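A.B. asks: Here is how the chains run, residue by residue.
There are 2 protein chains.
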Amino acid sequence: MTYCVAIKLKAGLVFLSDSRTNAGVDQISTFRKMMVYEKTDDRFMVLLSAGNLSIAQSVREILQTQVLRDEAPHDGSSSGLTIWNATSMFDAARVLGCAVRHIHKRDGAALRAANVDFNVSLIFGGQIKGEGMRLFLVYSAGNFIEATDETPFFQIGESKYGKPVLDRVVHPDIPLDEAAKCALVSMDSTLKSNLSVGLPLDLVVYDANSFRGDKMVCIDHTNAYFRMMHEQWGIKLREVFDSLPDPVWNGGTTDTPLVSQDGTYPPMTKIQSPEDRVI
Amino acid sequence: MTYCVAIKLKAGLVFLSDSRTNAGVDQISTFRKMMVYEKTDDRFMVLLSAGNLSIAQSVREILQTQVLRDEAPHDGSSSGLTIWNATSMFDAARVLGCAVRHIHKRDGAALRAANVDFNVSLIFGGQIKGEGMRLFLVYSAGNFIEATDETPFFQIGESKYGKPVLDRVVHPDIPLDEAAKCALVSMDSTLKSNLSVGLPLDLVVYDANSFRGDKMVCIDHTNAYFRMMHEQWGIKLREVFDSLPDPVWNGGTTDTPLVSQDGTYPPMTKIQSPEDRVI
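Protein chains in written order, with UniProt numbering: chain B, 1 to 279; chain Y, 1 to 279.
There's no promise every hint is true.
Because identical chains share one entry, a pair is satisfied inside a single copy or across any pair of copies.
As the list claims (entries may be wrong) - As a list, the in silico EDC-like pairs of lysine to aspartate or glutamate whose alpha-carbon atoms are at most 16 Å apart:
1. K236 with D41
2. K10 with E131
3. K129 with D42
4. K192 with D220
5. K236 with D167
6. K10 with D41
7. K192 with D214
8. K105 with E38
9. K129 with D207
10. K192 with D167
11. K10 with E150
12. K105 with E231
13. K129 with E231
Just so you know, these hints were derived from the structure itself, not from any lab.
Every value quoted in this text rests on a predicted model; they were computed, and no experiment measured them.
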């Protein structure tokens with residue numbers, strides 16, 4: 001399994017991925033799920049991948065090296081469209097979608113014959129000079145959706161454990177480093193609850209309009225910041241939990257009793273033993 | 001969808017369930033997922049259900065009313081085994097497993113013909129006089145596993161959002177009301193991140209060796225304790241998040257820098273634009 005998250009803010013973009021790949025629980029490997037594509041001062045793009053590793057690697061290979069001539073640029077020029085000449089992230093995402101369809105055409109039937117789903121999901125985001133930053137979620141059919149101010153983050157892979165903290169913290173106005181911290185907390189919860197997600201992590205923080213990747217780090221268990229965050233989050237979360245009063249049943253003296261059975265809804269059905277029933 | 005959680009402690013048992021049922025997102029109903037079976041001073045049992053509602057309701061119906069004559073008690077007596085005469089929770093769980101198989105026999109083929117999975121999962125726990133408390137997770141094949149000191153809680157339904165806090169807090173020695181609080185926090189995270197889980201909640205807290213259910217409450221949005229917990233947890237979680245330092249990149253002055261690119265692992269692959277490559 002995998003966990004990847006990407007966040008789009010006014011200040012920039014945050015990308016975070018784990019690196020565990022497993023087939024069953026006894027075949028665990030480390031594969032990096034992040035690729036960075038940079039043409040300094042012109043474009044900066046990041047690809048995160050989850051799903052079948054062979055599909056994801058093939059898609060990445062094609063995206064790096066192949067000109068996709070079946071997709072003409074929107075501007076009508078005759079040369080094939082690539083992620084290097086696309087004039088918008090939308091077109092670059094179309095190239096990626098096309099690469100996914102290319103691999104589906106090549107491998108889909110054979111995978112189906114082996115009862116393997118054509119399962120891949122990709123997060124692709126960045127900025128090309130001339131437009132703002134954009135962030136896309138690309139599905140295994142090659143179609144995609146784009147992040148908006150209302151939905152400023154995407155997750156792929158084992159996404160549920162780490163979603164609550166993102167739901168609580170992320171909105172487009174928070175600073176970049178705060179979003180990076182939030183992504184790391186989200187990853188930490190996922191690492192704690194799911195064995196199929198593992199270190200090291202790849203983190204990229206992109207400053208809007210910089211068109212270069214200066215903030216890129218691989219985080220393993222020796223990383224001082226991640227260790228601090230992991231320990232402090234655990235300790236302080238526990239302190240918050242302890243600071244909340246326990247529920248008190250009827251007769252308690254707290255202001256917030258867990259009042260029983262006189263609310264709007266009836267109490268749950270209690271079935272009495274047959275011989276206790278009065279006929 | 002559904003979210004149910006049950007926790008087994010030395011001090012007793014905690015059961016919590018939501019009440020949302022949906023078929024797609026435009027057909028949402030309220031169905032309670034908790035049933036309490038009590039023979040005062042003799043046995044107290046709680047059943048939580050997730051999965052296909054028609055299967056769960058059928059299983060509950062059978063469990064309440066039908067003697068399962070195909071399962072003889074372990075003690076060799078000739079009368080059929082029921083949840084009311086079972087001398088152990090293990091036997092009661094066998095009755096439940098048998099009820100699931102009964103419904104599978106009755107409905108399985110027709111469901112399969114309609115391309116509907118025979119999908120049900122059940123948590124069943126309680127105490128029968130003469131033995132300690134026990135807690136079981138019953139699968140759709142009628143087989144089951146039992147909670148232990150190492151794994152003192154079970155979840156069914158939409159379980160992932162609410163698992164991290166259980167992983168951090170629950171162990172068999174914590175007090176009952178603290179475990180109830182933990183279950184409610186777990187439910188709160190799930191409610192926040194998944195539309196298919198909804199109020200009201202059913203909560204039962206069972207004191208070990210009491211053989212009766214005095215602490216049973218239905219919690220809706222007017223419940224003072226749940227509102228307090230929901231608000232305070234959100235506020236304080238945010239305070240903890242804010243109290244952790246943001247990551248600092250090279251050149252920062254904190255003790256815990258997010259050091260870049262000189263760790264054990266190489267940085268992620270960065271692909272340069274083709275024309276930037278030096279041949």
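A.B. asks: Give a verdict on every hint.
C.D. replies: How the hints compare with the structure:
Proximity of K236 to D41 under the C-alpha cut-off of 16 Å is found in neither arrangement, the shortest distances being 42 Å within a copy and 42 Å between copies. For a Cα distance limit of 16 Å, the shortest separation of K10 from E131 inside one copy, 13 Å, qualifies, whereas the shortest one across copies, 61 Å, does not. For the identical chains of this complex, K129 and D42 are intra-copy neighbours only, at 5 Å inside a copy versus 75 Å across copies, given an alpha-carbon limit of 16 Å. Taking CA atoms no more than 16 Å apart as the test, K192 paired with D220 passes inside one copy only; the shortest distance there is 15 Å, against 31 Å between copies.
Only between protomers do K236 and D167 lie at most 16 Å apart by alpha-carbon distance; the minimum there is 15 Å, versus 19 Å within a single protomer. With identical chains, the CA atoms of K10 and D41 are never at most 16 Å apart, being 19 Å at best within one copy and 63 Å at best between copies. For the identical chains of this complex, K192 and D214 are neighbours neither inside a copy (29 Å) nor across copies (35 Å), given an alpha-carbon limit of 16 Å. For the homomeric pair K105 and E38, neither the shortest alpha-carbon distance inside one copy (28 Å) nor that between copies (60 Å) is at most 16 Å.
Taking the closest pair of Cα atoms, K129 and D207 come within 16 Å of each other only inside a single copy of the chain (13 Å); across copies the shortest separation is 65 Å, beyond that limit. Proximity of K192 to D167 under the C-alpha cut-off of 16 Å is restricted to the inter-copy arrangement: shortest distance 8 Å between copies versus 19 Å within a copy. Taking the closest pair of Cα atoms, K10 and E150 come within 16 Å of each other only inside a single copy of the chain (12 Å); across copies the shortest separation is 45 Å, beyond that limit. In this assembly of identical chains, the alpha carbons of K105 and E231 never lie at most 16 Å apart, being 47 Å within a copy and 51 Å across copies at closest.
In the homo-oligomer, the alpha carbons of K129 and E231 never lie at most 16 Å apart, since the shortest distance is 40 Å inside one protomer and 43 Å across protomers.
The structure fails to meet hints 1, 6, 7, 8, 12 and 13 from the earlier list, while all remaining hints are met.
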